[in-house]
Amino acid sequence: MTVELLPDLVLCVLLLVVAWSALFASTRRDAMALFVAFGMIVALVWARLGAPDLALAEAAIGAGLTGVLLLRAARKLPVSSARRFDYRRHLGALTFIVVAVSGFAVSIILPSPADITANNFDSPVAAAMPDSGVSHPVTAVLLNFRAWDTFLELLVLLFAITGLRQLFPIEKESLEPARTWQLLVSWTRTLVPLLLLVGAYLLWRGSSGPGGAFQAGALLAAGCVMLRITGMLPPLHWSLFAVRGSVCAGTLLFLCTAVLTHSLGAGWLDYPEAHAGTLILMIETLATLSIAIILTLLVAGERKDLCS
Amino acid sequence: MNDALLSLVTPLVAALIVLTGPAMTPRRASVVVLLGSALSFVAALLALQSVTTSGATQTLNLGGWEDGLAIRLRLSPLSALLLAFTALIHLLAGLYARFSRFTSGDDFWVLSAFLHTALAALWLSADLFNLYITLELIGLAAVAMVALSGPKAYQAAADYLLLSLAASMIYLLGVVFLYSEYHTLDVIQLGTVSADSARTRLALALITAGLMLKGALWPLHLWLPAAHAGAPAAVSALLSAVVVKGPLFILWLAWTEVAPADLAREVGPMVATAGMIALVAGGWAAMRSPYIKVLVAYSTVAQLGYALMALGLLMSWQIPQMHIALWLFVIAHGLAKASLFMAAGEMQGTLGTRRLTGLRGATQTVPIAMFAFAVAGGSLIGLPPSGGFLAKWVLLEPILSQPQNWPWAFGILLGTLVSAAYIFRVVVLAFDRATINPPDTRPYLMGHWLALLPALIVWGMALLGEQLIGLLAGGGV
Chain A
0 MTVELLPDLV LCVLLLVVAW SALFASTRRD AMALFVAFGM IVALVWARLG
50 APDLALAEAA IGAGLTGVLL LRAARKLPVS SARRFDYRRH LGALTFIVVA
100 VSGFAVSIIL PSPADITANN FDSPVAAAMP DSGVSHPVTA VLLNFRAWDT
150 FLELLVLLFA ITGLRQLFPI EKESLEPART WQLLVSWTRT LVPLLLLVGA
200 YLLWRGSSGP GGAFQAGALL AAGCVMLRIT GMLPPLHWSL FAVRGSVCAG
250 TLLFLCTAVL THSLGAGWLD YPEAHAGTLI LMIETLATLS IAIILTLLVA
300 GERKDLCS
Chain B
0 MNDALLSLVT PLVAALIVLT GPAMTPRRAS VVVLLGSALS FVAALLALQS
50 VTTSGATQTL NLGGWEDGLA IRLRLSPLSA LLLAFTALIH LLAGLYARFS
100 RFTSGDDFWV LSAFLHTALA ALWLSADLFN LYITLELIGL AAVAMVALSG
150 PKAYQAAADY LLLSLAASMI YLLGVVFLYS EYHTLDVIQL GTVSADSART
200 RLALALITAG LMLKGALWPL HLWLPAAHAG APAAVSALLS AVVVKGPLFI
250 LWLAWTEVAP ADLAREVGPM VATAGMIALV AGGWAAMRSP YIKVLVAYST
300 VAQLGYALMA LGLLMSWQIP QMHIALWLFV IAHGLAKASL FMAAGEMQGT
350 LGTRRLTGLR GATQTVPIAM FAFAVAGGSL IGLPPSGGFL AKWVLLEPIL
400 SQPQNWPWAF GILLGTLVSA AYIFRVVVLA FDRATINPPD TRPYLMGHWL
450 ALLPALIVWG MALLGEQLIG LLAGGGV
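If you read the protein sequences in the order shown, they are chains A and B. Once you know that position 152 of the first sequence is 151 in numbering that gives the first Met the number 0, the rest is easy, because the numbers rise by one and skip nothing. Once you know that position 74 of the second sequence is 73 in numbering that gives the first Met the number 0, the rest is easy, because the numbers rise by one and skip nothing.
No lab work stands behind these hints: they were computed from the structure. Quick caveat: nothing in here was measured; it's all calculated off a predicted structure. All residues carry an ideal CB built from backbone N, CA and C; glycine is no exception. Please note that the accuracy of each hint is not assured.
Unchecked claim - The list that follows gives simulated cross-link-like pairs (lysine-lysine, DSSO-like), each with its CA atoms no further than 30 Å apart: (1) 151(B) to 75(A); (2) 303(A) to 75(A); (3) 151(B) to 303(A).
As the list claims (entries may be wrong) - To spell it out: a stretch of chain A is covered by chain B in this simulated footprint if at least three of its residues, at any positions, have a beta carbon under 8 Å from a beta carbon of chain B; those stretches are: (4) 146-157; (5) 192-201; (6) 234-244; (7) 268-279.
Use the sequences and the hints to build the structure in full.
Structure representation (structure tokens):
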């Protein structure tokens, strides 16, 4: 029994309560607001578990951008009447909950072969850290030891935006920005420069501490989305080379690095040790650009952005 | 390994050129992507040659880090064969999409090149988490391609997306359990350390459930008919021929390499039974379907039953011959199904109907497409000397040699009968020249001939039978 247990317990209870109320909120708008709150609490939980990278990503993407996405989607849905609670529709979810909870319980009860908290995860990473070119283990894993995974993750975003482009031909008229609310405009003017600064800092910070391309990209995207919905940023037309180029930039540089290290250097994605840090920073910078633009398009993209 | 990486990179480069290139009309995009597929095919053949002449599986630790830290890529005769197969299917579907009159949508090109990249990355990967990402990539590309059909396919695409995401999560949860037990994600390392424990069982159960949902293996196949039947013909061909085989590959890896042999022996009969039920239930649904493409889609569910059965028997008997049967089925089914979907697309476009009854007199009105349908169907039934026959023969041989295994042979026989029934149902209608359904437009023959091409290749597989069996005989990995 320690003093820290109290805030942890409060977080746990809060998480469950907010999750429950998000699921069973009476109106869609309440549910979405609670979902955003849920994302913030999850971010706090991650921070408390000692995973600041995840906390940042969750706060930026899980709570922020997903919230905007939900609100935008809700504008296109018909206003729903009061929801009827139909048990049959929730049978699948119920089964899933039972299976997941029992699986979790089983996995806790089962004797663990080795102490999970022991350092045997970190040891190979810790041993290889000096050769990785960066000093933050998470960045080293993401951009060096398992760079191939990160490359494929960038492709996931690229696939997603190409897929989203298929959904727009039917939309007859695009939604004009809602009547611009003066408060939103002035807040945007204040926040966007700050977001830009914090995003750039996170990107730079990624080599030595929590941060990196995904978090920085998400923050920049948040700024772009705000500019876009207040109408201060013109549509990002897909036909513009600059848009398509920045969407592909991260993938292209990553691919070039892989091919060049393979044909000239030691092997596929085997960075020369002296330049590993520089290469990682370059890849992260372009990846940030790609992530920011893709997330902006995914969240705020309309027909005139994506299909022109 | 160089050639395999080249085979992986060329479609991606093609896709990036199409995305960023100036003034990229669909026509130019098609040329770029087709060139990419052709190059990838050649590179895959070179990789196949190098891995068979050296006789050993090649592995590559990405980034040059040691085992356990790096992601490992592995080029085995099987993965080289699958690389070549994927490139070939993409080439055939691309050629069809380019020259057929029925368009597949402007973004078909970039999406199919993306799909090709993701599949190539999957065949080469030997890391459970990396495999998860490739699964996600394949799912996203496939969903986007279903949506190419326009608003009428959105419902099917959305269902496919949600189920595919749920399946990925279940798979990922299983991988997490394995990682918490063994502290490694590498398939080869896991194979040496895995033991029969409750947590391993839970992990493998979750992985199996996720993959069966992703791969539309019975009884988790219900999303497949709507998605595959709703997509444009060239896309359906890709989805049925290669996309559902990705999860099957990971399932095979999980049970033949990761799982301890005793556990696999225990679970094998259940998997094989699921396969047998899939054969009959899928075939029955195909037989009763009123729509052409839904029939073909249900036939995919049924045919995956053979593969599932081969996997189950491989697990319970641990004999390498089942490896051969499994992968011969995958390849023969892929080629035949590509042909069936293209032929079905051509026929329903030309005859102006989605209903089976619209095929009355098709032997007279669209003879070449109907011929392609019948020829490809022959391989599905397993008529000699097609690729389907080859696979079925390899599967039946060890079953028939032991009298106690005859119940399985009965299942295969029943499956064959049902598949013969649904193929002949179409063929009989097509020969009904008394009440012909006249075509809406004059048939545009190029598409019909291109639909016939994969069917001819699958019948030609018998000529390469000995080489294929020899290639897969090494146990596959």
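Right, here's what the structure says about each hint:
1. 151(B) to 75(A): holds (18 Å)
2. 303(A) to 75(A): holds (16 Å)
3. 151(B) to 303(A): holds (22 Å)
4. 146-157: Coverage by chain B holds for the stretch 146-157 of chain A (8 residues, Cβ < 8 Å).
5. 192-201: violated (count 0)
6. 234-244: holds (count 3)
7. 268-279: Three-residue rule met by the stretch 268-279 of chain A, so holds; n is 3.
Of the hints listed earlier, the one the structure fails to meet is number 5.
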